[in-house]
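J.: What follows is each chain in one-letter form.
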Amino acid sequence: MASQILPLELIDRCIGSKIWVVMKGDREFSGTLLGFDDFVNMVLEDVTEFEITAEGIKQTKLSQTLLNGNNICMLIPGSSGPDS
Amino acid sequence: MASQILPLELIDRCIGSKIWVVMKGDREFSGTLLGFDDFVNMVLEDVTEFEITAEGIKQTKLSQTLLNGNNICMLIPGSSGPDS
Amino acid sequence: MASQILPLELIDRCIGSKIWVVMKGDREFSGTLLGFDDFVNMVLEDVTEFEITAEGIKQTKLSQTLLNGNNICMLIPGSSGPDS
Amino acid sequence: MASQILPLELIDRCIGSKIWVVMKGDREFSGTLLGFDDFVNMVLEDVTEFEITAEGIKQTKLSQTLLNGNNICMLIPGSSGPDS
Amino acid sequence: MASQILPLELIDRCIGSKIWVVMKGDREFSGTLLGFDDFVNMVLEDVTEFEITAEGIKQTKLSQTLLNGNNICMLIPGSSGPDS
Amino acid sequence: MASQILPLELIDRCIGSKIWVVMKGDREFSGTLLGFDDFVNMVLEDVTEFEITAEGIKQTKLSQTLLNGNNICMLIPGSSGPDS
Amino acid sequence: MASQILPLELIDRCIGSKIWVVMKGDREFSGTLLGFDDFVNMVLEDVTEFEITAEGIKQTKLSQTLLNGNNICMLIPGSSGPDS
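Residue numbers (UniProt numbering), protein chains in the order written: chain A, 1 to 84; chain B, 1 to 84; chain C, 1 to 84; chain D, 1 to 84; chain E, 1 to 84; chain F, 1 to 84; chain G, 1 to 84.
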């Protein structure tokens, strides 16, 4: 097998850094990654929630947030969300 | 692996405190967390249910409530819901 | 881990009492809880089914009913349904 | 744990009797229960299928029918369907 | 436990005979059952596919067909489909 | 148990031959089967994708393609798709 | 069993090369594959996201991206997306 970056290894490297999380449906989150588990449930801090609505992107500030790994569609390390 | 906060550890710290739970679909709940299990099924007390409808947010008061972990999308410790 | 009420413990305490069950979709049930298993499949007795329709809440009386745990969204012990 | 009726025990008692099965979606079935397995796949005999349509309930007679347990929402022992 | 017919036993008895398979969604199939596995994946021969459309039932002839057990809603042994 | 053709056995016989794959939703694929695994993930070669749209069937040529077994609804060995 | 290409073997050969990933829903991604795990979670680099909208295909550039294997519908090795 070729040398490669495993998905969980990539997430582990993000601890303490900004990450952008796109959920199934119309919710997206950016924040500092505090931790995760094997189901890719994630704990974020200093979170901005982006909700995609017909009128544009609605932003909400949240402190600590736990996201259900089941509902996550994709992760972008180092990004602060759809604006960045 | 870097020092981190595991998701279940964060939930455990919330026992006895207010938590805001956003379910898949249009239901949200805030209440005092009494307990949870490995499937993140949760027991809440002094619960307010927020139902997002076309006419606005409808609030309902409930005493003890058990939420199915499968249906949970995100958790915000320390928050009393969309109003706070 | 702090002292807490486990979700299955809460259900076990409800045996013999009224419980209100909200399913995924538009069905809700209240009745006396006769039993449950590890998948939270539930047996209810003296059941009222509440179906949320555009014309209002339609009630149907059922005797013994078995609910598939997979389809359950939330449980409210001690409640007789959306009216109570 | 209090004395209770386990869900699979209730189904087992129904063998040889009429049962009403409500599936996810708009299909319902009543018939005599011939057997089931741990996934609550069920074999029914002398079956009436009820399909809820905009024009009313459409009934179809079927002989032996096997229902996928995954798709079952609720079971009502002793009932012959929405008419009874 | 009462004497009963297990679901997989019923399917096994159908090998070599006609069976009608109703899938989740709007597809139905009838054909001769050649085999199946523990996930109720099925191999059919001399298959007629029935697709329910707004204009009526569209029939398509297929030779050997493998159906994903996950997507099966119900099975009617001995039947040649919605016409029979 | 009667002599029968197991589903995975049928797929194994198709290696090196044309196969038509109908996915959940509106995508279908035909191509030469190069391999598969226990989850019925499949590798196809010389692939035609058929997308069912309101304007008719849109065809796209692809070289090697890997299909997620979870999303497969049915397989028709020896067929080149909806046209054949 | 005939000689064949296993799905995970095909993905492994793609490490370091371009790959086109079609997700469930309306999102597609192309990029260089950096790694994957047994759940086919994938790490891509130099990513273009294609979002199919009523107004046409909207492209977004992303650096490293992790895709949830659960949500992947198909993979096309060596392709740079719907344009190529």
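Among these hints, one or two may not hold up.
What the hints assert, rightly or not - Calculated Cβ distances over 10 Å to all of chain C for the following chain B residues: (1) Ile15; (2) Gly35; (3) Thr65; (4) Cys73.
What the hints assert, rightly or not - Facing chain G, according to a computed beta carbon distance under 8 Å, are these residues of chain F, among others: (5) Ile15; (6) Thr32; (7) Val43; (8) Ile52; (9) Thr53; (10) Ile57; (11) Ser63; (12) Cys73; (13) Gly78.
No lab work stands behind these hints: they were computed from the structure. All C-beta atoms in this analysis are idealised placements derived from N, C-alpha and C, irrespective of residue type, glycine included.
J.: Hints first: check each against the structure and report whether it holds.
T.: Hints, verified against the model:
Isoleucine 15(B), annotated as away from the interface, has a beta carbon of chain C within 10 Å; the closest lies near 4 Å. At roughly 3 Å, the least C-beta separation between glycine 35(B) and chain C is not larger than 10 Å, which violates its mark as non-interface. Consistency note on threonine 65(B): stated as away from chain C, yet its beta-carbon is not over 10 Å from all of that chain's, at 5 Å minimum. Separation of cysteine 73(B) from chain C is adequate, the least Cβ-Cβ distance of about 12 Å exceeding the 10 Å criterion.
At its closest, the beta carbon of isoleucine 15(F) sits 4 Å from a beta carbon of chain G; the interface hint therefore holds under the 8 Å criterion. The closest approach between the C-beta of threonine 32(F) and any C-beta of chain G is roughly 11 Å, which is over the 8 Å cut-off, so the hint fails. Checking valine 43(F) against chain G: minimum C-beta separation of about 5 Å stays under 8 Å; hint holds. Proximity of isoleucine 52(F) to chain G is violated relative to the hint, the smallest CB-CB distance being about 15 Å (cut-off 8 Å).
With a least beta-carbon distance of about 12 Å to chain G, the hint placing threonine 53(F) at the interface is violated under the 8 Å criterion. Because the beta carbon of isoleucine 57(F) sits about 17 Å from the nearest beta carbon in chain G, more than 8 Å, this interface hint is broken. At about 7 Å, the closest approach between the beta carbon of serine 63(F) and any beta carbon in chain G falls short of 8 Å, and the interface hint on this residue holds. Given hint, cysteine 73(F) at the interface with chain G, is violated; its Cβ is 12 Å from that chain's nearest Cβ, farther than 8 Å.
This hint is violated: glycine 78(F) has a C-beta 15 Å from the nearest C-beta of chain G, more than the 8 Å allowed.
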